[in-house]
Amino acid sequence: MKPHGLIGDEWLVSYAAGSLGEAHACVVAAHIDYHPALKSKLRDAEDIGGALLEVSEPDSLQSDSFDAVMAKITAFEEDMFGAVHMDTEQKDTVPPIVVGTDILPASSLPSSLSQYIADKDLNSLKWRRMGPGMSQVRLWDGPKGEKLWLLKARGGTEMPVHDHNGLEMTLVLQGGYQVGASHYTPGMIELADTDTKDHHPVIDEGEDCICLVVTEAPIKLHSFIGRLVQPFIGL
Amino acid sequence: MITEREKYESLVMRVAEHKDKAAFKELFLYFAPRVKAHLVKLSMDPRLAEDLAQDVMVKVWRKAGQYNPAKARLSTWIFTIARNSYIDQVRKQKYPEVNADDHLGEMVADEKTEKPLEQKQTAARVNNAMKHLKPEQVEVIQLSFFEELSHSEIAERLQLPLGTVKSRIRLAFKTLRKELGEYE
Chain X
1476 MKPHGLIGDE WLVSYAAGSL GEAHACVVAA HIDYHPALKS KLRDAEDIGG ALLEVSEPDS
1536 LQSDSFDAVM AKITAFEEDM FGAVHMDTEQ KDTVPPIVVG TDILPASSLP SSLSQYIADK
1596 DLNSLKWRRM GPGMSQVRLW DGPKGEKLWL LKARGGTEMP VHDHNGLEMT LVLQGGYQVG
1656 ASHYTPGMIE LADTDTKDHH PVIDEGEDCI CLVVTEAPIK LHSFIGRLVQ PFIGL
Chain Y
5 MITEREKYES LVMRVAEHKD KAAFKELFLY FAPRVKAHLV KLSMDPRLAE DLAQDVMVKV
65 WRKAGQYNPA KARLSTWIFT IARNSYIDQV RKQKYPEVNA DDHLGEMVAD EKTEKPLEQK
125 QTAARVNNAM KHLKPEQVEV IQLSFFEELS HSEIAERLQL PLGTVKSRIR LAFKTLRKEL
185 GEYE
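Order-wise, the sequence lines are chains X and Y. Heads up: the first sequence begins at 1476 in the numbering used here, then just goes up one per residue. Heads up: the second sequence begins at 5 in the numbering used here, then just goes up one per residue.
Note that these hints are calculated values from the structure, not bench results.
Straight-line distance between alpha carbons at most 30 Å, and here's what the computed DSBU-like set of lysine-lysine pairs gives: (1) X:1601 / Y:98; (2) X:1547 / Y:63; (3) X:1547 / Y:29; (4) Y:98 / X:1619; (5) Y:63 / Y:96; (6) X:1595 / Y:63; (7) Y:182 / Y:45; (8) X:1622 / Y:98; (9) Y:67 / Y:29; (10) X:1547 / Y:96; (11) X:1619 / X:1695; (12) X:1622 / Y:96; (13) X:1695 / X:1601; (14) Y:45 / X:1547; (15) Y:96 / X:1601; (16) X:1547 / Y:75; (17) Y:75 / X:1595; (18) X:1547 / Y:98; (19) Y:96 / X:1619; (20) Y:11 / X:1547; (21) X:1547 / Y:67; (22) Y:45 / Y:96; (23) Y:96 / X:1595; (24) Y:29 / Y:63; (25) Y:25 / X:1547; (26) X:1547 / Y:23; (27) X:1595 / Y:67; (28) X:1595 / Y:98; (29) X:1619 / Y:45; (30) Y:25 / Y:63.
Every value quoted in this text rests on a predicted model; they were computed, and no experiment measured them.
Next comes chain X alone, as it looks inside the complex (with noise of 0.2 Å):
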């Protein structure tokens, strides 16, 4: 069986491809950051890429096509010679300073997160209150009906009982949950579908858990509360 907390080849090999959504791949992408490992095979799965590319039968090109490219760069060029000339006019602006915290720096954030909150840490993000212990940021949402966010809960949160109406991947960027018998931590990927029944994730005690999670389709909350709540929240 595949490792725990490890995602299954066959997601690398559909990010390789270019067949995920921008928001399974922003979470595929971020845990593969985590383990070289699979950063070797995506290598390798995206080699098949580079050669499927490589072995098509090429292409007639339009015969201007050459120079239609230069003139292209030449565009370009003239375009970022201006560009440097307007930074250059304006770049006083110093960086905030972080305030320590024992939340994680925005420097060691998986790279495919950081462009969804503008570089930030996670401490400075808008969070909004989604229930006892919980709340979120909203980074994204799909055409399919995806949403990619992040949950914060407090160390100690029991989250509540949940089916799922399609794939929710779950990538943990610090502290840390339990479901059933398995332990999740930083870098640790959870896939849950509907086979995955009464999902109760239970937050470890201490500090705060904060995730990356990218769901299809409204939970199915057990709790007569949870379900009136839940148009609130938007999940």
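On the provided structure of chain X, position chain Y as indicated by the hints.
Just chain Y, lined up with the frame of chain X:
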């Protein structure tokens, strides 16, 4: 004697260091027709594929300084640029990338599996390895790379359980890696 592969890699270096147009033209003549053909295989209209292939080559020029032969084969690097450009253009989505540096990787030192890249396969070897796949394995690889279907979309297309699709992709990948001497 330098190999075909080293020849093209040194052309990228010349573009990066000297903005050498002659070197770039050689790269263009080899890769642009293949990038276009690849995009047409992704069912892009040939006129749009031509335009996007041109944009991919513009990025090859611009990013030449970032290319590191120790990290990726040249055709793989150009494939990822083409993949991301296609997704940006056709799906209007970003394709979040894996960090090229290993700064997070260093935190998990016991998993290191760095191998000498000298033994990396050529396109011919991958092509040959594809011949070792069963037809149903070739099918899921092609649906992934040329139709960019997700696991559940492939399952729907082939009328198969999701678990079967996943294990077929895993087995295909395992066979390819084994054939290429990469698999441990």
